[in-house]
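The whole structure should be built from the sequences, with the hints applied where relevant.
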Amino acid sequence: MTTAVETVAAPRHRPGVLSRAWALVRRHTLTFFAVLAFAYLLVPIVVVVVFSFNDPIGRFNFAWQGFTLDNWLHPFDYPGLSGAVRLSIEIALLSSAFATVIGTLMAMALVRQRFIGQGATNLLIFLPMATPEIVMGSSLLTLFLNQGPFGIFGFRLGFVTILIAHIMFNISFVVVTVRARLAGKDQHLEEAAADLYASPLTAFFKVTLPLIWPGILAGFFLAFALSVDDFVITYLVAGADQTFPLFVWGAARVAVPPQINVIGSAIFFIAVAVMLANVLWQWRRQPKGAV
Amino acid sequence: MYYLAKTSLNSGDIFTGFTFTWAWENYSDAFTLYRAHFIRSLEYAGLATIFAFLISYPLAYWIAFRGGRWKNLLLLLIIAPFFVTYLIRTLAWKTILSDDGIVVSTLQNLHLISSDGRLLATTTAVIAGITYNYLPFMALPIYVSLEQIDQRLIEAAEDLYANRAKAFFKVTFPLSLPGVFAGTLLTFIPAAGDFINAQLLGTPKQQMIGNVIQSKFKVSADYPQAAALSFVLMAAILVLIVIYARSVGTERVTTGTA
Numbered sequence: 001m002t003t004a005v006e007t008v009a010a011p012r013h014r015p016g017v018l019s020r021a022w023a024l025v026r027r028h029t030l031t032f033f034a035v036l037a038f039a040y041l042l043v044p045i046v047v048v049v050v051f052s053f054n055d056p057i058g059r060f061n062f063a064w065q066g067f068t069l070d071n072w073l074h075p076f077d078y079p080g081l082s083g084a085v086r087l088s089i090e091i092a093l094l095s096s097a098f099a100t101v102i103g104t105l106m107a108m109a110l111v112r113q114r115f116i117g118q119g120a121t122n123l124l125i126f127l128p129m130a131t132p133e134i135v136m137g138s139s140l141l142t143l144f145l146n147q148g149p150f151g152i153f154g155f156r157l158g159f160v161t162i163l164i165a166h167i168m169f170n171i172s173f174v175v176v177t178v179r180a181r182l183a184g185k186d187q188h189l190e191e192a193a194a195d196l197y198a199s200p201l202t203a204f205f206k207v208t209l210p211l212i213w214p215g216i217l218a219g220f221f222l223a224f225a226l227s228v229d230d231f232v233i234t235y236l237v238a239g240a241d242q243t244f245p246l247f248v249w250g251a252a253r254v255a256v257p258p259q260i261n262v263i264g265s266a267i268f269f270i271a272v273a274v275m276l277a278n279v280l281w282q283w284r285r286q287p288k289g290a291v
Numbered sequence: 001m002y003y004l005a006k007t008s009l010n011s012g013d014i015f016t017g018f019t020f021t022w023a024w025e026n027y028s029d030a031f032t033l034y035r036a037h038f039i040r041s042l043e044y045a046g047l048a049t050i051f052a053f054l055i056s057y058p059l060a061y062w063i064a065f066r067g068g069r070w071k072n073l074l075l076l077l078i079i080a081p082f083f084v085t086y087l088i089r090t091l092a093w094k095t096i097l098s099d100d101g102i103v104v105s106t107l108q109n110l111h112l113i114s115s116d117g118r119l120l121a122t123t124t125a126v127i128a129g130i131t132y133n134y135l136p137f138m139a140l141p142i143y144v145s146l147e148q149i150d151q152r153l154i155e156a157a158e159d160l161y162a163n164r165a166k167a168f169f170k171v172t173f174p175l176s177l178p179g180v181f182a183g184t185l186l187t188f189i190p191a192a193g194d195f196i197n198a199q200l201l202g203t204p205k206q207q208m209i210g211n212v213i214q215s216k217f218k219v220s221a222d223y224p225q226a227a228a229l230s231f232v233l234m235a236a237i238l239v240l241i242v243i244y245a246r247s248v249g250t251e252r253v254t255t256g257t258a
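Listed in order, the protein sequences are those of chains A and B. First residue of the first sequence: 1, per our numbering; consecutive thereafter. First residue of the second sequence: 1, per our numbering; consecutive thereafter.
If you're looking for bench data, these hints aren't it; they were derived computationally from the structure. Glycine is no exception: its CB is placed at the ideal position from the N, C-alpha and C atoms. The reader is advised that the hints may include incorrect statements.
Claimed, not checked - What follows is a set of in silico ranges between Cβ atoms, one per label pair, in the way DEER data are often shown: (1) A:Val43 with B:Phe65: 41 to 51 angstroms; (2) A:Ala192 with B:Arg69: 53 to 63 angstroms; (3) A:Val43 with B:Leu73: 10 to 20 angstroms; (4) B:Asp150 with A:Trp22: 22 to 32 angstroms; (5) B:Leu54 with A:Val43: 46 to 56 angstroms.
To be verified - If you want the ones that stay clear, here's a sample from chain A, every Cβ over 10 angstroms from chain B, calculated: (6) Leu41; (7) Leu93; (8) Pro132; (9) Ser138; (10) Gly158; (11) His188; (12) Ser199; (13) Thr202; (14) Pro214; (15) Gly264.
As the list claims (entries may be wrong) - Here are the computed lysine to any residue pairs in the SDA-like style, where the Cα-Cα straight-line distance is at most 20 angstroms: (16) B:Lys71 with A:Met275; (17) B:Lys71 with A:Gln282; (18) B:Lys71 with A:Ser19; (19) B:Lys71 with A:Val49; (20) B:Lys71 with A:Leu42; (21) B:Lys71 with A:Phe32; (22) B:Lys71 with A:Ala273; (23) B:Lys166 with B:Leu186; (24) B:Lys166 with A:Trp22; (25) B:Lys71 with A:Trp281; (26) B:Lys166 with A:Met275; (27) A:Lys206 with A:Leu222; (28) B:Lys166 with A:Leu30; (29) B:Lys71 with A:Lys185; (30) B:Lys71 with A:Trp22; (31) B:Lys71 with A:Val35; (32) B:Lys166 with A:Ser19; (33) B:Lys71 with A:Ala277; (34) B:Lys166 with A:Thr29.
This is the structure:
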């Protein structure tokens, strides 16, 4: 009779164990999959960093030959590289500064004011983000080549055209970032400042700006990163000038010096450091500010 | 506002091109000469979008529901590839897939590819490259929409005797559709215009429409043809998006993009 008792007792017990086991298997399949997906995402980065220590024999840095620190000690020891990096940084700084100022003002206008064509403006903001880069780049190039309505300036393809192109695609991203920050903020705060006899300018600098500052900063960094990384649009409008991605492209046809990996890894480490600092900063703020 | 006005003018400039005659033959050429490139671009972009979806949905799901306190760090890992210049990332794939690299020799040892088989300069390599480069664009929106799902809804479904699979397909997945929609657009649109992967990881046989456009601009200076091609590409993408939006349902489109 003991067997009968067991068979009666088992159905109550077994589903719990089984489903728990099944849940465990499921959870691990998913985890396993996630780990694989992360590997897919991260392996190329590891390769870039590892091969920056490679000591290649030929002109191509595709096969591992031996460990060296030379590339890191002489990162600019390759003709044209330092100029390209400098140009990239100049363009990125200038274009993200301009885009941040214009973008912030536009975001404020879009959130705080009502004006004719607001809907159209909202739509146009998304246009550069929703267009394939190559189409964007070729429109800009045809504009510059035709001299367009602004032909009086007589742009030569180069620094100025790259800068204009970068400001243009960066503005959209700044507007979206700042607007997201601004939309959650209470307009009554500005009105309160005005009630306390603050001029609109004072209200802006004392109230609005500190409130949306994190959004502006995020927009600036985003713009900077996009500008440093952009290849397609820059490639089309650059003329003879070379930014770092263009240099890589040109170099990739004839040779791939490990210095490229060094600069690439350096950019990566700097970006990660900035992001980690930001995450840590938020983590430290959270216990005090949260809920 | 000045630059915005300029953006709208840009599309106008494409029409007139270089000679200022209404040279419609550029458009007919675009269809007859480069049809294969167009089809290939849309095909590669479509496949890459599907693969990116298949990889990033479970990944986003795992982070959203199992990530716990490490969520932010895991998200940082997803966008980590963005911190390495696009071209350098793609060159890294060239290293990984190179003929004497580990991947190729492992696959050869397992007899998954023939002993003189290669991965570099194949369609697989190009599609894998595109999938890789646009994966974060797919994963992030999906993550955001999964994260917003009220856990109580899934619990409610389970209380109503839905098993886990049913709860997922009836509750979780439909609720994450706005993210999927945004993700597919963010992946497909840039992927269709991409030419870097085809150039670095493929051969002329894998050339996409982006390659043709850029070489028309930079090498043969055939600006009107290139402009016509980019315009057709834009139009083709728009048409596909409209069809896609219709099939998914207008309601979801508005929630997906807003």
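- Query: For A:Pro214, which was marked as not at the interface, is the minimum beta-carbon distance to chain B over 10 angstroms?
  - Reply: holds, 16 angstroms
- Taking 10 angstroms as the cut and beta carbons as the points, is A:Thr202 off the interface with chain B? holds, 25 angstroms
- Does B:Lys71 pair with A:Lys185 here, judged by a C-alpha cut-off of 20 angstroms? violated, 26 angstroms
- Outcome of range test on Cβ distance (B:Leu54, A:Val43; 46 to 56 angstroms): violated, 18 angstroms
- Minimum Cβ distance from A:Ser199 to chain B greater than 10 angstroms, as the annotation requires: The claim holds: A:Ser199 sits with its nearest Cβ about 24 angstroms from chain B, beyond 10 angstroms.
- Pairwise hint evaluation, A:Trp22 against B:Lys166, where the allowed Cα distance is 20 angstroms at most: Roughly 16 angstroms between the alpha carbons, so the hint for B:Lys166 and A:Trp22 holds.
- Message: Please verify that the nearest CB of chain B lies beyond 10 angstroms from A:Leu93's CB.
- Response: A:Leu93 is indeed farther than 10 angstroms from all Cβ atoms of chain B, at 17 angstroms.
- Task: Would you check the hint for B:Lys71 and A:Ala277, treating anything up to 20 angstroms between C-alpha atoms as holding?
- Result: Measuring from Cα to Cα gives roughly 16 angstroms; hence the hint holds.
- Sort out whether A:Ala273 lies within 20 angstroms of B:Lys71, counting only the CA atoms. OK: B:Lys71 and A:Ala273 at ~18 angstroms, within 20 angstroms.
- CA of B:Lys71 to CA of A:Leu42, is that 20 angstroms or under? Within the cut-off at roughly 17 angstroms; holds.
- Take the C-alpha atoms of A:Lys206 and A:Leu222, compute the straight-line distance between them, and say whether it is at most 20 angstroms. Not OK: A:Lys206 and A:Leu222 at ~25 angstroms, beyond 20 angstroms, violated.
- Assertion that A:His188 lies outside the chain B interface [Cβ separation over 10 angstroms]: Check passes; 25 angstroms lies beyond 10 angstroms.
Hints 1, 2, 5, 6, 8, 9, 15, 18, 19, 23, 26, 27, 29, 30, counting from the list given before, are not met by this structure.
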